[in-house]
Amino acid sequence: MRLTAITAALSLTAGAALAEGVAPDDVSYSDYGEVTVSLSGQPGDATRGREIFANKSQGNCVSCHAVTELADVPFHGEVGPILDGVGSYRTAEELRGIVANAKMTFEGTVMPAFYKTSGFIRPGDGYTGKAAPDDLAPILSAQEIEDVVAFLMTLQDS
Amino acid sequence: MRHMALTAIAAVLAGTAAFAGGADDDTLILNDEIEMVTKTAAPDHLSDAMDEIISGWHFRSDETQQLQTDDFENQGMIFADYGAEAWDTVEGSEDKSCASCHGDAAESMVGVAATYPKWNDGAEEVRTLQMQVNDCRTTRMGAEPWKYDSGDAINMEAFVTSHSRGMPVNVAIDGPAEATWLDGKDIYYTRYGQLELACASCHEQNYGNYIRADHLSQGQINGFPTYRLKNAKLNGVHSRFKGCIRDTRAHTFSPGSPEFVALELYVKSRGNGLSVEGPSVRN
Numbered sequence: 007m008r009l010t011a012i013t014a015a016l017s018l019t020a021g022a023a024l025a026e027g028v029a030p031d032d033v034s035y036s037d038y039g040e041v042t043v044s045l046s047g048q049p050g051d052a053t054r055g056r057e058i059f060a061n062k063s064q065g066n067c068v069s070c071h072a073v074t075e076l077a078d079v080p081f082h083g084e085v086g087p088i089l090d091g092v093g094s095y096r097t098a099e100e101l102r103g104i105v106a107n108a109k110m111t112f113e114g115t116v117m118p119a120f121y122k123t124s125g126f127i128r129p130g131d132g133y134t135g136k137a138a139p140d141d142l143a144p145i146l147s148a149q150e151i152e153d154v155v156a157f158l159m160t161l162q163d164s
Numbered sequence: 312m313r314h315m316a317l318t319a320i321a322a323v324l325a326g327t328a329a330f331a332g333g334a335d336d337d338t339l340i341l342n343d344e345i346e347m348v349t350k351t352a353a354p355d356h357l358s359d360a361m362d363e364i365i366s367g368w369h370f371r372s373d374e375t376q377q378l379q380t381d382d383f384e385n386q387g388m389i390f391a392d393y394g395a396e397a398w399d400t401v402e403g404s405e406d407k408s409c410a411s412c413h414g415d416a417a418e419s420m421v422g423v424a425a426t427y428p429k430w431n432d433g434a435e436e437v438r439t440l441q442m443q444v445n446d447c448r449t450t451r452m453g454a455e456p457w458k459y460d461s462g463d464a465i466n467m468e469a470f471v472t473s474h475s476r477g478m479p480v481n482v483a484i485d486g487p488a489e490a491t492w493l494d495g496k497d498i499y500y501t502r503y504g505q506l507e508l509a510c511a512s513c514h515e516q517n518y519g520n521y522i523r524a525d526h527l528s529q530g531q532i533n534g535f536p537t538y539r540l541k542n543a544k545l546n547g548v549h550s551r552f553k554g555c556i557r558d559t560r561a562h563t564f565s566p567g568s569p570e571f572v573a574l575e576l577y578v579k580s581r582g583n584g585l586s587v588e589g590p591s592v593r594n
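Quick note, the sequences are listed as chains A and B, same order.
Residue numbering for the first sequence follows this note's numbering, beginning at 7 and increasing consecutively.
Residue numbering for the second sequence follows this note's numbering, beginning at 312 and increasing consecutively.
Hints are not guaranteed to be accurate.
Said to hold, decoys possible - Pairs of lysine-lysine, BS3-like flavour, derived with a Cα cap of 27 Å: (1) LYS109/A to LYS496/B; (2) LYS458/B to LYS553/B; (3) LYS136/A to LYS350/B; (4) LYS496/B to LYS62/A; (5) LYS109/A to LYS350/B; (6) LYS458/B to LYS429/B; (7) LYS136/A to LYS109/A; (8) LYS429/B to LYS496/B; (9) LYS553/B to LYS62/A; (10) LYS407/B to LYS429/B; (11) LYS544/B to LYS136/A; (12) LYS553/B to LYS136/A; (13) LYS429/B to LYS62/A; (14) LYS496/B to LYS136/A; (15) LYS350/B to LYS458/B; (16) LYS122/A to LYS553/B; (17) LYS136/A to LYS407/B; (18) LYS407/B to LYS458/B.
Said to hold, decoys possible - Going by beta-carbon spacing under 8 Å, a handful of chain B positions derived as facing chain A: (19) ALA490; (20) LEU493; (21) ASP494; (22) LYS496; (23) ILE498; (24) ARG502; (25) TYR503; (26) GLY504; (27) GLN516; (28) ASN520; (29) TYR521; (30) ARG539.
Treat the hints as calculated values from the structure; they're not laboratory data.
From a predicted model like this one, the values you see are computed outputs, not experimental measurements.
C-beta: ideal position from N, C-alpha, C; glycine also.
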């Protein structure tokens, strides 16, 4: 009985590990910066991705990128390209790579890497100005990246 | 091949967006008397990066701009007046005020702020205006130094700076100051924090663009200390640097640190030729 419980717990842990997908340091980028596999091992949710894209405390992508479809969200930025129709001219693999670490696609771009946890200069603990903890989390989780990619794929040329 | 073509399209779009906001063409005249230089040719050391340097005044709304044209509307001048009171106040063991040695600031301080930060031979260091004030307080007045960017220190900096308004920023970047200037330049181009952003990412590559609701300027500091409507107080340049670096999700430097002294010299030198505006008004 006791043994069964332990076995069950072990298999649960293994399942969770699998569902976690790819850790930030283990992401494999193609020569063009594409990422072919889902970072979370799960499909993305475009509705949640839309919220993450627009929300200041999450992706805040709208801070730099304007999107006509987000007319209900105020103050779209101009630093990055307008993303209308981006799902028509880019693949999910390209978009996943760009959101995770755009520097792998566009060398020297000002766009932050949203799924990266190492290699920073003086990383901080969020917006506190204090030093980062040793276990610095990526700006977005693997699933949040997938959600944003799913949202971007809904931005098709009309 | 397809990837290359699409990258080219993205680059074209980004290039177009870069001209969307931009600086306006208004003219800043102070108290109906002094016409300020708010746009001018970039200093030689910046020639690879940009042709024209532009005061942050041009990137603000007409309403905010208006507040700086008249000393009775400029709330930063209230704090400069506090600095004026402190100028005449005797403090410390030597029974002296600033005025005891420097007399009338309207004469003795003209043009001083335009040249700071500057090299001090005796101390063999680059000093900001606040560092120099504190040196006077401790070695000549026998008074306690002010905390960096504290209210007292900023008020005095604003008062002293106000006597240089309309004069061109002119900090020396060569000779003994060069090593510190190079340190500052290095910091300016370093991409700090989890967002990996340098000063240059926003203020050299993207000035004129909006980032969310913020209109990015060149990050010139000829208007410091700056009265910000956002926090309704006078702000020191090191505190502003700290806020910017914090917003890159970085471990910041502290006001008064050697890093920020070097950065102040470097950023100030990017504005060599613009009029001193401090205390200015921004959002």
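Here's how the hints hold up against the structure:
no.	hint	result
1	LYS109/A to LYS496/B	holds, 23 Å
2	LYS458/B to LYS553/B	holds, 15 Å
3	LYS136/A to LYS350/B	violated, 37 Å
4	LYS496/B to LYS62/A	violated, 31 Å
5	LYS109/A to LYS350/B	violated, 34 Å
6	LYS458/B to LYS429/B	holds, 20 Å
7	LYS136/A to LYS109/A	holds, 25 Å
8	LYS429/B to LYS496/B	holds, 16 Å
9	LYS553/B to LYS62/A	holds, 21 Å
10	LYS407/B to LYS429/B	holds, 25 Å
11	LYS544/B to LYS136/A	holds, 24 Å
12	LYS553/B to LYS136/A	holds, 11 Å
13	LYS429/B to LYS62/A	violated, 40 Å
14	LYS496/B to LYS136/A	holds, 23 Å
15	LYS350/B to LYS458/B	violated, 34 Å
16	LYS122/A to LYS553/B	holds, 24 Å
17	LYS136/A to LYS407/B	violated, 40 Å
18	LYS407/B to LYS458/B	holds, 20 Å
19	ALA490	violated, 21 Å
20	LEU493	violated, 18 Å
21	ASP494	violated, 15 Å
22	LYS496	violated, 16 Å
23	ILE498	violated, 10 Å
24	ARG502	holds, 7 Å
25	TYR503	holds, 5 Å
26	GLY504	holds, 5 Å
27	GLN516	holds, 6 Å
28	ASN520	holds, 4 Å
29	TYR521	holds, 5 Å
30	ARG539	violated, 18 Å
Checked against the numbered hints above, the structure violates hints 3, 4, 5, 13, 15, 17, 19, 20, 21, 22, 23, 30; every other hint is satisfied.
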